[in-house]
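Using the sequences plus the hints, can you model the full thing?
Respectively, the protein sequence lines represent chains A and B. Residue numbering for the first sequence follows numbering that gives the first Met the number 0, beginning at 0 and increasing consecutively. Residue numbering for the second sequence follows numbering that gives the first Met the number 0, beginning at 0 and increasing consecutively.
Just so you know, these hints were derived from the structure itself, not from any lab. Be careful, since some hints might not be right.
[What the hints assert, rightly or not] Each computed PhoX-like pair below joins lysine-lysine, with the alpha-carbon atoms no more than 20 Å apart:
#1 A:K429 x A:K386
#2 A:K322 x A:K357
#3 A:K467 x A:K478
#4 A:K471 x A:K89
#5 A:K425 x B:K313
#6 A:K429 x A:K253
#7 A:K456 x A:K467
#8 A:K466 x A:K456
#9 A:K466 x A:K478
#10 A:K392 x B:K309
#11 A:K4 x B:K313
#12 A:K481 x A:K471
#13 A:K357 x B:K60
#14 A:K253 x B:K313
#15 A:K253 x B:K309
#16 A:K4 x B:K309
#17 B:K313 x A:K392
#18 A:K466 x A:K476
#19 A:K425 x A:K435
#20 A:K435 x A:K392
#21 A:K429 x A:K392
#22 A:K392 x A:K425
#23 A:K425 x A:K386
#24 A:K89 x A:K425
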Amino acid sequence: MLKFKYNGGLKLENPYPVDAIDLIRIPLPDKVVLPMQQRIGNQAIPIVSVGERVLTGQIVATIDDQRCAPVHASISGTVVAIDEHVYAHKSGLKGLCVTIESDGKDEWVDTSIGCTEHYEACTANTIYNKIRVSGIVGMGGAGFPTHTKVRLAEGCHTLLVNATECEPGITCDAALMQAYPTKVIRGIEVLLHICQAERAIIAIEDDKQDAIAALNKFCNNENITIEVMPTKYTSGAEKLLLKSLLGIEVPTGKFASDVGVLCQNVATVVAMFDAVVENRPLISRAVTVAGSAVKESKNFQVRLGASYDYLLSFVDIVEGSHKISMNGLMMGIELDSTNYSVSKNTNCVFIDQLEESKPTKECIRCGLCNTVCPVDLLPQQLYWYSKSENIDKAIEYNLLDCIECNCCSYVCPSYIPLVDYYQYSKSLYKQQVKEKQQTESARERYEFRELRLERNKRERAEMMEAKKIALKEKMAKDKAHKATVEAALERVDAAKSAHGSQDDG
Amino acid sequence: MTVKLLNTNQIMRQVSYALALGVGAQVYFFGSSVLIQIFLACITGLITEALFLRLRGSEIKPEIADGSVVLTAILLAISIPSIAPWWIIVLGVSFAVIFGKQIFGGLGNNPFNPAMLGYAFLLISYPMQMTQWPADYISMGQAADVIFGLSNIDGLTGATSLDHVKTQLTMGIPIQELELNSISQLWINIGFLIGGIYLLLRRIILWQIPVSLLSGVVVMSTALYLVDSNQFASSLFHLVNGATMLAAFFIATDPVTASTTPSGRIIYGFLIGILIVIIRVFGGYPDAVAFAVLLLNITVPLIDFYTQPKVFGK
Numbered sequence: 000m001l002k003f004k005y006n007g008g009l010k011l012e013n014p015y016p017v018d019a020i021d022l023i024r025i026p027l028p029d030k031v032v033l034p035m036q037q038r039i040g041n042q043a044i045p046i047v048s049v050g051e052r053v054l055t056g057q058i059v060a061t062i063d064d065q066r067c068a069p070v071h072a073s074i075s076g077t078v079v080a081i082d083e084h085v086y087a088h089k090s091g092l093k094g095l096c097v098t099i100e101s102d103g104k105d106e107w108v109d110t111s112i113g114c115t116e117h118y119e120a121c122t123a124n125t126i127y128n129k130i131r132v133s134g135i136v137g138m139g140g141a142g143f144p145t146h147t148k149v150r151l152a153e154g155c156h157t158l159l160v161n162a163t164e165c166e167p168g169i170t171c172d173a174a175l176m177q178a179y180p181t182k183v184i185r186g187i188e189v190l191l192h193i194c195q196a197e198r199a200i201i202a203i204e205d206d207k208q209d210a211i212a213a214l215n216k217f218c219n220n221e222n223i224t225i226e227v228m229p230t231k232y233t234s235g236a237e238k239l240l241l242k243s244l245l246g247i248e249v250p251t252g253k254f255a256s257d258v259g260v261l262c263q264n265v266a267t268v269v270a271m272f273d274a275v276v277e278n279r280p281l282i283s284r285a286v287t288v289a290g291s292a293v294k295e296s297k298n299f300q301v302r303l304g305a306s307y308d309y310l311l312s313f314v315d316i317v318e319g320s321h322k323i324s325m326n327g328l329m330m331g332i333e334l335d336s337t338n339y340s341v342s343k344n345t346n347c348v349f350i351d352q353l354e355e356s357k358p359t360k361e362c363i364r365c366g367l368c369n370t371v372c373p374v375d376l377l378p379q380q381l382y383w384y385s386k387s388e389n390i391d392k393a394i395e396y397n398l399l400d401c402i403e404c405n406c407c408s409y410v411c412p413s414y415i416p417l418v419d420y421y422q423y424s425k426s427l428y429k430q431q432v433k434e435k436q437q438t439e440s441a442r443e444r445y446e447f448r449e450l451r452l453e454r455n456k457r458e459r460a461e462m463m464e465a466k467k468i469a470l471k472e473k474m475a476k477d478k479a480h481k482a483t484v485e486a487a488l489e490r491v492d493a494a495k496s497a498h499g500s501q502d503d504g
Numbered sequence: 000m001t002v003k004l005l006n007t008n009q010i011m012r013q014v015s016y017a018l019a020l021g022v023g024a025q026v027y028f029f030g031s032s033v034l035i036q037i038f039l040a041c042i043t044g045l046i047t048e049a050l051f052l053r054l055r056g057s058e059i060k061p062e063i064a065d066g067s068v069v070l071t072a073i074l075l076a077i078s079i080p081s082i083a084p085w086w087i088i089v090l091g092v093s094f095a096v097i098f099g100k101q102i103f104g105g106l107g108n109n110p111f112n113p114a115m116l117g118y119a120f121l122l123i124s125y126p127m128q129m130t131q132w133p134a135d136y137i138s139m140g141q142a143a144d145v146i147f148g149l150s151n152i153d154g155l156t157g158a159t160s161l162d163h164v165k166t167q168l169t170m171g172i173p174i175q176e177l178e179l180n181s182i183s184q185l186w187i188n189i190g191f192l193i194g195g196i197y198l199l200l201r202r203i204i205l206w207q208i209p210v211s212l213l214s215g216v217v218v219m220s221t222a223l224y225l226v227d228s229n230q231f232a233s234s235l236f237h238l239v240n241g242a243t244m245l246a247a248f249f250i251a252t253d254p255v256t257a258s259t260t261p262s263g264r265i266i267y268g269f270l271i272g273i274l275i276v277i278i279r280v281f282g283g284y285p286d287a288v289a290f291a292v293l294l295l296n297i298t299v300p301l302i303d304f305y306t307q308p309k310v311f312g313k
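Below, the structure written as structure tokens:
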């Protein structure tokens, strides 16, 4: 059982309970819209053109950036558009997308070349590369390119597989583990091979008994242990998982890799298995569709780029006004419509019945937020300083350590959207830092200019001085010369006059 | 932690309900005069708050609906002598609402516990009216007459046990504690204790402040008792007399004005407990809750600053 604990957190019931979890494969969508921007890093650059025919698994966009992964065609068909679409993001910003219309054939690129079963004979570098070109990113929601993360953790001692499911209501990882337990185990073996860790731990919560049974049945590798943890919200956060399973507290500002642990989401592990052993890039994922307006929650294995509307056509939705959100109730975001497409880190789409909005009241400093904060912050003080835009003070109260898990907002009796305030402060802080850097560089430029002017002046003065000296020398020389000439002339004159007097005489 | 989450309005309401047992005990022993005070207090509180909200230009209905002003009014009404003249409670509640709360920006922004600020104001300004406690059960009609000045208060009042101890102490007479134990005080305190436990179980208040406050009372009174048991009352006496339980569960736990860090709460409660005994024993006024709480209210920013918890990963 759990050896170590962390403070705070919330015991939350699954808001959308289901009798049995199943991973349903749905038919190919007619059209996919693939976003080029993936979480952080640069936007991938399309390498196909409109009208071009593409095969499933073909790279349609890529960029040479360690924080970015290539994008693959998730169906075969024709590229019909490369244009801007609104991304499923809080900002509502538009970004470049490649739209492919299906030909219904699902014709694949050649998947026979690669590591296959003999990955053990491949070097870590070959496999990193394979992971990179397969477009794998963290599928738990972070979307960080996996090859970079694995490379950073080189020489780690433990591989931690996160199968906790980040939030209540999301069951896609459980569905995936139940459907492909062998892929999970073998994917872990691939990872153990490349990162050379001594052991792997699968962290799973006790509300997923079927998945636990499935993994237990197929796990016969003595280096892999399955740790069943009590279900509690925010246990899935990487650093908290490390604390509760290994007793390691990752210092603030550092990462799991800094303490010798590689943490991977279970869906990412499966994707890695597909990429390395089966030579199939990341073109589909499991997505939970649930919500109070959804009659029965389901998990779908769906091609990336399929629209939410398409996904929702496979569930029964209760009529009425809906609240649409993705990536969970706690840390996810609310969307204005279902006009978005599934991306690599979309783990769920929730359709809830619209509830009456709860009016925000003043903070009564009850301190309930302190008791649920998993990283032991004082949310109430942070709120106070964020509200008054006293950023320095908020930073002093460790604003930057906030993991934005929303536990505090969840328990707040005054319904204050605390995390929104923190995000706002964080952005103000970033701006401040940027401005400071700008002033700093402006100051440096100014100082350099002053220095340069000073130097120029000095150099000119030196030059003038040198010239002066040269001139003086020249003048002295001239004078000497003149003197010699004059002396010579005098001598000539003297000689002349002497001669003349002789003549006269 | 799977406790049903309450919102701010519900919290205020629950706290008010939790006072019922203690108030019930007051009614049982001294008659329903306290109910008249509560009624007057609530009316005054609501009107004052509404007027001030209007002056501040904020919306009246949602602000007043939070129930905080009613709670303040009730707390003050049950703290003062139940047969005090009507203008005492009207003045006290108005002062509490205006200078204790609204002037700082309303709910959540006040540094001092409004009810205790009102109490301290009344005690300092009208010490005579504020120390005339009913000696025995008084019927509703009789109480109304006294409160509204229709009949004389003489003959109805008596010294409380706390008064008695103080008098004995100043006169140098040894305390016969058994004689002092007042059954009514005991039951009123038990009433508030049960209400407080209810709040604890519902996680409306956290355990730190009540536990540390009562420990403070016990530690300080025991220390004095050990010095001279003839002069100083035992800790049991201090626990079940005066407003000890009310302070521990309902007044010091006011979240707005209390310390907010886990360890800060313990320091805050403990020091209030210590101060309650010190002021009761050595101070000029019979009970000490108001002054103890107000004094600690001032130190909250300091306590909070020095008791920040260690952040994960630091």
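Now for the hints, and whether the structure bears them out:
Proposed proximity of K429 (chain A) and K386 (chain A) is supported: the alpha carbons are some 17 Å apart, at most 20 Å. With a CA separation close to 14 Å, the supplied pair K322 (chain A) and K357 (chain A) stays within the 20 Å bound. For the hint linking K467 (chain A) to K478 (chain A), the alpha-carbon distance of about 16 Å falls within 20 Å, and the restraint holds. The hinted pair formed by K471 (chain A) and K89 (chain A) fails the criterion: a straight-line CA distance of about 77 Å is larger than 20 Å.
The hinted pair formed by K425 (chain A) and K313 (chain B) meets the criterion: a straight-line CA distance of about 19 Å does not exceed 20 Å. At most 20 Å may separate the alpha-carbon atoms for a hinted pair to count; K429 (chain A) and K253 (chain A) meet this at roughly 19 Å. A C-alpha spacing of about 16 Å is found between K456 (chain A) and K467 (chain A), which places the hinted pair at or below 20 Å, so the restraint holds. Under the criterion of a C-alpha separation no larger than 20 Å, the hint pairing K466 (chain A) with K456 (chain A) is consistent with the structure, at around 15 Å.
Restraint check: the Cα-Cα separation between K466 (chain A) and K478 (chain A) comes to about 18 Å, which is no more than 20 Å; the hinted pair holds. A hinted pair counts as satisfied when its Cα atoms are at most 20 Å apart, and K392 (chain A) with K309 (chain B) qualifies at roughly 16 Å. At most 20 Å may separate the alpha-carbon atoms for a hinted pair to count; K4 (chain A) and K313 (chain B) meet this at roughly 17 Å. Between the alpha carbons of K481 (chain A) and K471 (chain A) the distance comes to roughly 14 Å, so the proposed pair stays at or under 20 Å and holds.
Between K357 (chain A) and K60 (chain B) the CA atoms are separated by roughly 15 Å; this keeps the pair inside 20 Å, and the hint holds. A C-alpha spacing of about 11 Å is found between K253 (chain A) and K313 (chain B), which places the hinted pair at or below 20 Å, so the restraint holds. Restraint check: the Cα-Cα separation between K253 (chain A) and K309 (chain B) comes to about 17 Å, which is no more than 20 Å; the hinted pair holds. Pair hint K4 (chain A) plus K309 (chain B) holds up; C-alpha atoms about 15 Å apart against a cutoff of 20 Å.
Distance restraint check for K313 (chain B) and K392 (chain A): the Cα-Cα separation of roughly 17 Å lies within the 20 Å cut-off, and the hinted pair is therefore satisfied. Taken as a hint, the K466 (chain A) and K476 (chain A) pair is honoured in the structure, with Cα atoms around 15 Å apart against an allowance of 20 Å. As the CA atoms of K425 (chain A) and K435 (chain A) are separated by approximately 15 Å, the hinted pair is consistent with the 20 Å bound. A C-alpha spacing of about 17 Å is found between K435 (chain A) and K392 (chain A), which places the hinted pair at or below 20 Å, so the restraint holds.
Restraint check for K429 (chain A) and K392 (chain A): satisfied, since their Cα atoms lie roughly 15 Å apart, inside the 20 Å limit. Taking the CA atoms of K392 (chain A) and K425 (chain A), the gap is near 12 Å; set against the 20 Å cutoff, the hint holds. About 12 Å separates the Cα atoms of K425 (chain A) and K386 (chain A), which keeps this hinted pair within 20 Å; it holds. For a cut-off of 20 Å, the pair hint linking K89 (chain A) to K425 (chain A) stands: about 15 Å separates their Cα positions.
Checked against the numbered hints given earlier, the structure breaks only hint 4 and satisfies all the rest.
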